[in-house]
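Read top to bottom, the protein sequences are chains A and B. The first sequence: position 154 = 149 (our numbering), numbered continuously. The second sequence: position 87 = 69 (our numbering), numbered continuously.
Calculated from the structure, these hints are not laboratory results. Virtual Cβ for every residue (Gly too), placed ideally from N, Cα, C. One or more hints might be untrue.
To be verified - Here are the computed lysine-lysine pairs in the BS3-like style, where the Cα-Cα straight-line distance is at most 27 Å:
| no. | chain 1 | residue 1 | chain 2 | residue 2 |
| --- | --- | --- | --- | --- |
| 1 | B | 224 | A | 8 |
| 2 | B | 213 | A | 2 |
| 3 | A | 154 | A | 80 |
| 4 | B | 3 | B | 57 |
| 5 | B | 99 | A | 8 |
| 6 | B | 126 | B | 75 |
| 7 | B | 169 | B | 112 |
| 8 | B | 112 | B | 99 |
| 9 | B | 75 | B | 57 |
| 10 | B | 125 | B | 99 |
| 11 | A | 136 | B | 169 |
| 12 | B | 178 | A | 80 |
| 13 | B | 3 | B | 169 |
| 14 | B | 8 | B | -10 |
| 15 | B | 169 | B | 224 |
| 16 | B | 169 | A | 2 |
| 17 | A | 80 | B | 213 |
| 18 | B | 125 | B | 8 |
| 19 | B | -10 | B | 213 |
| 20 | B | 75 | B | 127 |
| 21 | A | 154 | A | 2 |
| 22 | B | 127 | A | 80 |
| 23 | A | 136 | B | 75 |
| 24 | B | 75 | B | 224 |
| 25 | B | 75 | B | 112 |
| 26 | B | 125 | B | 57 |
Unchecked claim - Restraint ranges, calculated between C-beta atoms of paired labels, are given here:
| no. | chain 1 | residue 1 | chain 2 | residue 2 | range |
| --- | --- | --- | --- | --- | --- |
| 27 | B | 233 | A | 104 | 54 to 60 Å |
| 28 | A | 83 | B | 127 | 52 to 58 Å |
| 29 | B | 233 | A | 151 | 39 to 45 Å |
| 30 | B | -14 | A | 209 | 32 to 38 Å |
| 31 | B | 6 | A | 80 | 37 to 43 Å |
| 32 | A | 8 | B | 4 | 54 to 60 Å |
| 33 | A | 120 | B | -10 | 53 to 59 Å |
| 34 | B | 66 | A | 80 | 34 to 40 Å |
| 35 | B | 168 | A | -3 | 46 to 52 Å |
| 36 | A | 209 | B | 77 | 29 to 35 Å |
| 37 | B | 8 | A | 209 | 29 to 35 Å |
| 38 | A | 16 | B | -10 | 45 to 51 Å |
| 39 | A | 16 | B | 189 | 37 to 43 Å |
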Amino acid sequence: MRSRFQKGLDELKERLLEMGGMAEAAIELAVDSYRKRDGRLAQQVFERETMINESERSIDELAVDLLAMQQPMATDLRFVLAVLKINSDLERVGDLAVNIAQRSLDLAQEEEVEVPVDITRMSAAVSTMVRRALESFLSAKAEVAQAVLEMDSIVDRMKDEAFVNLVAQMRQNPEQVRQYLDVLLITRSLERIADHATNIAEDVIFWVSGADVRHNARFSQEPDSDAPRRE
Amino acid sequence: MGVGIEVKDLNAWFGKAQILKEINIKVDPNAVTAVIGPSGCGKSTFIRCLNRMHETNPDARLTGSVQVGDIDVYKPGTDAVDVRRRIGMVFQKPNPFPTMSIYDNVAAGLRLNGYNKRHDLDASVEHSLKMAALWDEVKDVLKKKSGSSLSGGQQQRLCIARALAVQPELLLMDEPASALDPISTGKIEELIFQLKTQYTVVIVTHNMQQAARVADFTGFFLMGKLIEFDKTEKIFTTPSDKRTEDYITGRFG
C-alpha cells in the first residue's frame, strides 16, 4: 500500500470525524438554546457553523487532491466518494442547527407557551442517529449504518405528530401562532437532520459493501444474483 | 465486424512451469477487454495463446480450446499462419520494419498475402493509416520516410495500421502504450475506442487507469488463474474477489 496515499485516507477520515463531532455539538447546543431560552448558546451554534464550513472546504480539497493525485480504486474510491458526500451532509447539519438556534432566539423574545411537542425526546433520537451514523463510518460497519436507516421512520412519525398537534394548537390559540410556527420549524429542522444522518449511513453502506441503498433499496449481505463470472 | 472469443479449459506451460491454469472466458464481439494482473501472472501468455504465438517458443505447450469467431484456433488442421493473419497483434515496443518506408510497412502484410495491385495497395494503406489515426501526419512522406524515422507514438500507430491492413477479425495489444508519452498514449486510447466499432480488441496493460479508461470488460489474472472477469466499472468500483480488490488498490502482497 502506498504510504502517502494511506496517510491521506487516514487524514480524511480523521478530519471528517472531527467535523462530525462539531456537527453533533452544534445540534446539542441548538436544542439546549431552545430548552433554556439561552441566546449565548445560540451564538455558539453560529460560531460552530463557521468552523464546520471551513472544515467542509478543507475536506473537499483533500479529497479532490487524493482523487487527482492517487487515482483511488474500488474500496478506496468508494471511501473518498462517501467522504465527499458525508462532508456535504454534515455541512447541512450545521446549517440546520443554525436554523434551530435562530428559531430559539425568536422564541426567547416571545411569551413562553406550553407546546405539545417533546423536542427533547425528538432531538435525542436525531442525535442518536447522527452519532450512530458517524460510528458506522468510524468502524466501517454496514450493519450499524443499517440500524440508522431503520430509525428514520421513528423521527418522521415524531415530526408528523408534532405537525398535527401544533396545527391544532394554532387553531385554538391563534395569538400564539408565531411561537407554534417556530417550534414547527424546529421539528422540521430536526427531521431534516435525521435525513442527513440517513444519507451518511447510506454512504457508509456504499463505501463498505458497494451496495447502493438509497431511495429505500435495502442492504443485503446475500450474494448478488447477477454475480460476475469467476474462476 | 469484430468476433467473439470463447476460451475453454485453457492450460499453458513453458517447459515444466505451468503459466495458465484452467482459463475459461467468453469475450463479446466489438468490445474492448483489458487483461490486468501483476508481472508473471500469465496475461501476455494468455493473449499469445489466442493467436498461436505461444507455440512459437519451442518449450511451449497448451491444452484446452480457443474459438475466435468461426476459427477453432487449436483444431488439428487449422493453419497457424492463417490464424495470425486473422488475429492481429501489436506489441509493447513499436517494431516497424526499420528500413522500409511508411508505405511499405503498412503494405508488407498485404504483399505477403499476395496483394500486389498498386491501386488496391494504395487504397488499403490509406484506409489503414486513417483507421490508425496516422494518415494526416504522414500522407506527404509515405514513401520518403522510413518507419523508424517516426516518433515512438507514431511508430506504434504505424504498427497498428500494419496490423489492420490485413483486415484481422480480432486485435490483440500487449501493453501498446507502456513506452509512450501521455499525448501518444491518449491517441492510442482514442484509437482503441474508435477501433471497437469494427474490431474486437483485447489489451494487456499494467496501467489500471488505462484499463478503466478504454475497456468494456476487464479480467484480473493472478498466478496463472483468471480470478475475476466482469464489466470494467464493476472491477474498478466494487470487485467481487478480495484478491482483485487488493491488487487494484495497491494492497497486494
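Does the structure keep residue 136 of chain A and residue 169 of chain B at a Cα separation of 27 Å or less? The given pair, whose Cα atoms are some 43 Å apart, is violated under the 27 Å limit.
Supplied distance hint 37 to 43 Å, evaluated on CB atoms of residue 6 of chain B and residue 80 of chain A: 39 Å, holds
Pairwise hint evaluation, residue 57 of chain B against residue 75 of chain B, where the allowed Cα distance is 27 Å at most: Judged against 27 Å, a Cα distance of about 31 Å means the pair is violated.
Hinted pair residue 127 of chain B and residue 80 of chain A, Cα distance within 27 Å: 55 Å, violated
Taking only the CA atoms, is the gap from residue 75 of chain B to residue 112 of chain B under or equal to 27 Å? Distance of about 21 Å is within 27 Å: holds.
Does the structure keep residue 3 of chain B and residue 169 of chain B at a Cα separation of 27 Å or less? Cα-Cα ~35 Å, so violated.
Per the hint of 29 to 35 Å, is the separation of the Cβ atoms of residue 8 of chain B and residue 209 of chain A within bounds? Since residue 8 of chain B and residue 209 of chain A have Cβ atoms about 33 Å apart, the given range 29 to 35 Å holds.
Straight-line Cα separation of residue 126 of chain B and residue 75 of chain B no greater than 27 Å? 23 Å, holds
Take the C-alpha atoms of residue 125 of chain B and residue 57 of chain B, compute the straight-line distance between them, and say whether it is at most 27 Å. The hint is violated at about 41 Å.
Under the criterion that the straight-line Cα-Cα distance not exceed 27 Å, is the pair residue 75 of chain B, residue 224 of chain B satisfied? 33 Å, violated
Distance restraint evaluation - residue 8 of chain A, residue 4 of chain B, Cβ atoms, bounds 54 to 60 Å: Violated - the Cβ-Cβ distance for residue 8 of chain A and residue 4 of chain B, about 40 Å, lies outside 54 to 60 Å.
Is 54 to 60 Å a correct range for the gap between the Cβ atoms of residue 233 of chain B and residue 104 of chain A? Hint holds: Cβ distance 58 Å, inside 54 to 60 Å.
Checked against the numbered hints given earlier, the structure breaks hints 2, 5, 9, 11, 12, 13, 15, 16, 18, 21, 22, 23, 24, 26, 32, 34, 35, 36, 38 and satisfies all the rest.
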